[in-house]
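A.B. asks: With chain R fixed as given, assemble chain V onto it according to the hints.
So the chains spell out like this:
Protein chains: 2
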Amino acid sequence: MCSSEELEYPQKLLDYQCGFLVSKTMFTACELGVFDLLHEVQEPIAATTIASRLSTSVDGMERLLDACVGLKLLKVELKNNEGHYSNTDVSTLYLVKSSPKTLYHMITYYSQTTYKLWHFLPEAIREGKSQYERGFGISSKEVFEAIYRSEEEMLKFLYHMDTIWTICGKDIIQAFDLSVFCSVYDLGGCTGGLAKHFVSTYNETTVTIMDLPSVVQTAKKKFVTDEEQRIHFLEGA
Amino acid sequence: MCSSEELEYPQKLLDYQCGFLVSKTMFTACELGVFDLLHEVQEPIAATTIASRLSTSVDGMERLLDACVGLKLLKVELKNNEGHYSNTDVSTLYLVKSSPKTLYHMITYYSQTTYKLWHFLPEAIREGKSQYERGFGISSKEVFEAIYRSEEEMLKFLYHMDTIWTICGKDIIQAFDLSVFCSVYDLGGCTGGLAKHFVSTYNETTVTIMDLPSVVQTAKKKFVTDEEQRIHFLEGA
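Heads up: the sequence lines are chains R and V, in that order.
For the first sequence, position 165 matches number 165 in full-length UniProt numbering, and the numbering has no gaps at all.
For the second sequence, position 123 matches number 123 in full-length UniProt numbering, and the numbering has no gaps at all.
Excised from the complex, chain R in its bound form (with noise of 0.2 angstroms):
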């Protein structure tokens, strides 16, 4: 199962180690606003312009650029002997807050959210349950109380789960011929991610959402708008 090498030197065993490191310099980096900076000024800058744009400090942020670069997610070219920093196309696409296909949502919401109960895992697998009340002090026992703590904590959650139906909603969609299936019920349906890919790939169908009455309230202000036919809702607990 092991090969020689991997006993010699343990680098899968390493890269585990870091993975951490890998996630938290993207999400700050996106958290920071470093890819919409670069895509706002459309040229590339330096580390101490950027610093000053977004008001860190310069030593942290040449850090944090070089590991961005490290990992391919900024490209650097040297401009009068100093570093200028830009998007490459899949950090635009992706991690832009304003483009369509953004990840941003969702990559807060693991950075400041899932990252922090992670930490809790031992607790987590010692207790069998989840660890809200050590991460953020809520002792509630419905863990969908917890996620939903306050309205901006909904909303967070709700652009999240959003975004995933954003990347891969569509390929699970077309995997299948659905078109038999006229009238759809989605259950915990949330903000019609999947609803949406529902309808746009087949014309007939109808897709009725159910969710919790806070989570169908939001949804129909925030993410489904009135041109979208053939979505409904129905509020449930």
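Bear in mind the hints are in silico, worked out from the structure with no lab data behind them.
Note that beta-carbon positions come from the ideal geometry of N, C-alpha and C, so glycine has one too.
A hint or two may mislead.
[Claimed, not checked] With a Cα cut of at most 27 angstroms, we get these calculated BS3-like pairs of lysine-lysine:
#  : chain 1 : residue 1 : chain 2 : residue 2
1  : R       : LYS116    : V       : LYS12
2  : R       : LYS72     : V       : LYS12
3  : V       : LYS75     : R       : LYS129
4  : R       : LYS12     : R       : LYS97
5  : V       : LYS101    : R       : LYS12
6  : V       : LYS221    : V       : LYS156
7  : R       : LYS75     : V       : LYS75
8  : R       : LYS116    : V       : LYS156
9  : V       : LYS141    : V       : LYS156
10 : V       : LYS129    : R       : LYS116
11 : R       : LYS72     : V       : LYS116
12 : V       : LYS170    : V       : LYS97
13 : R       : LYS116    : R       : LYS97
14 : V       : LYS129    : V       : LYS141
15 : V       : LYS12     : R       : LYS12
16 : V       : LYS97     : V       : LYS156
[Unchecked claim] Rough simulated footprint, nothing fancy, chain R against chain V, three-plus residues with beta-carbon under 8 angstroms:
#  : region
17 : 4–12
18 : 26–35
19 : 85–94
[Claimed, not checked] Listed below are several chain R residues computed to face chain V (Cβ distance under 10 angstroms; list not exhaustive):
#  : residue
20 : GLN17
21 : ASP59
22 : SER91
23 : ILE107
24 : THR114
25 : TRP118
26 : ARG126
27 : GLN229
28 : HIS232
C.D. replies: Coordinates of chain V only, in the frame set by chain R:
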């Protein structure tokens, strides 16, 4: 710079995003003693047995074990329709605490200290300073005052540092012919991890480790035995 495949589906970004889940899965299996128990029993055992022996929930342990199988840190085989788990050779060598090549101390340091500090990477970049205050409530300006905040914490850090040399010390020492240097000073030489590789590779060399008084005292007590000739210490600050 980016392939069209990458533009179509951002696999690399999704891998980066999940990096911390991978880290914490491996860290947690180490911290809970999964690899140690499997090494001790020397035969594949069921999740229920592992959960019972390690005082964890069965559901949580089953998920953790299957994640470890996915990461190729464990093997699984079916006996009477129930999964029975065992260590891979790499896990036996590098993840069992008692192994001479164990990464255990580095992993627990990463899990309990570094992971937590890196939650505050955006703040670190903004402020250009370490985040021991947010992470551990320590407002010291000197980072080593924070790292060595108690004897227990110092010991954890020293074991962590020592592990690094266990993995790559020999390669570094042998990368150049250093035999012309008979007297070597290792500034911040910590536990003598590098020094040991030096004296075992070069028979004529004497190494003097210079470090903080408290580090030197602990290193002498726990890491450098009397038998290790040609390693000396010098306290300083």
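A.B. asks: A separate judgement is required for each hint: does it hold in the structure or not?
C.D. replies: Here's how the hints hold up against the structure:
1. R/LYS116 with V/LYS12: holds (22 angstroms)
2. R/LYS72 with V/LYS12: Within the cut-off at roughly 10 angstroms; holds.
3. V/LYS75 with R/LYS129: This hinted pair holds, its Cα atoms lying about 26 angstroms apart.
4. R/LYS12 with R/LYS97: Measuring from Cα to Cα gives roughly 32 angstroms; hence the hint is violated.
5. V/LYS101 with R/LYS12: Holds, at roughly 15 angstroms.
6. V/LYS221 with V/LYS156: holds (14 angstroms)
7. R/LYS75 with V/LYS75: violated (40 angstroms)
8. R/LYS116 with V/LYS156: Roughly 22 angstroms between the alpha carbons, so the hint for R/LYS116 and V/LYS156 holds.
9. V/LYS141 with V/LYS156: With Cα atoms ~21 angstroms apart, V/LYS141 and V/LYS156 stay inside 27 angstroms; holds.
10. V/LYS129 with R/LYS116: With Cα atoms ~20 angstroms apart, V/LYS129 and R/LYS116 stay inside 27 angstroms; holds.
11. R/LYS72 with V/LYS116: holds (25 angstroms)
12. V/LYS170 with V/LYS97: Within the cut-off at roughly 21 angstroms; holds.
13. R/LYS116 with R/LYS97: holds (22 angstroms)
14. V/LYS129 with V/LYS141: holds (9 angstroms)
15. V/LYS12 with R/LYS12: holds (17 angstroms)
16. V/LYS97 with V/LYS156: holds (14 angstroms)
17. 4–12: Result for this restraint: holds, n = 5.
18. 26–35: Check passed, 5 qualifying residues.
19. 85–94: Three-residue rule met by the region 85–94 of chain V, so holds; n is 5.
20. GLN17: holds (6 angstroms)
21. ASP59: This interface hint holds because 5 angstroms falls under the 10 angstroms limit.
22. SER91: Since chain V brings a Cβ to about 8 angstroms from R/SER91, closer than 10 angstroms, the hint holds.
23. ILE107: holds (6 angstroms)
24. THR114: Because about 8 angstroms separates R/THR114 from the closest Cβ in chain V, which is inside the 10 angstroms limit, the hint holds.
25. TRP118: Nearest chain V Cβ about 5 angstroms off; hint holds.
26. ARG126: holds (5 angstroms)
27. GLN229: Given a least distance of 28 angstroms, the restraint on R/GLN229 is violated.
28. HIS232: This hint is violated: R/HIS232 lies away from chain V, its Cβ roughly 31 angstroms from the closest one there, beyond 10 angstroms.
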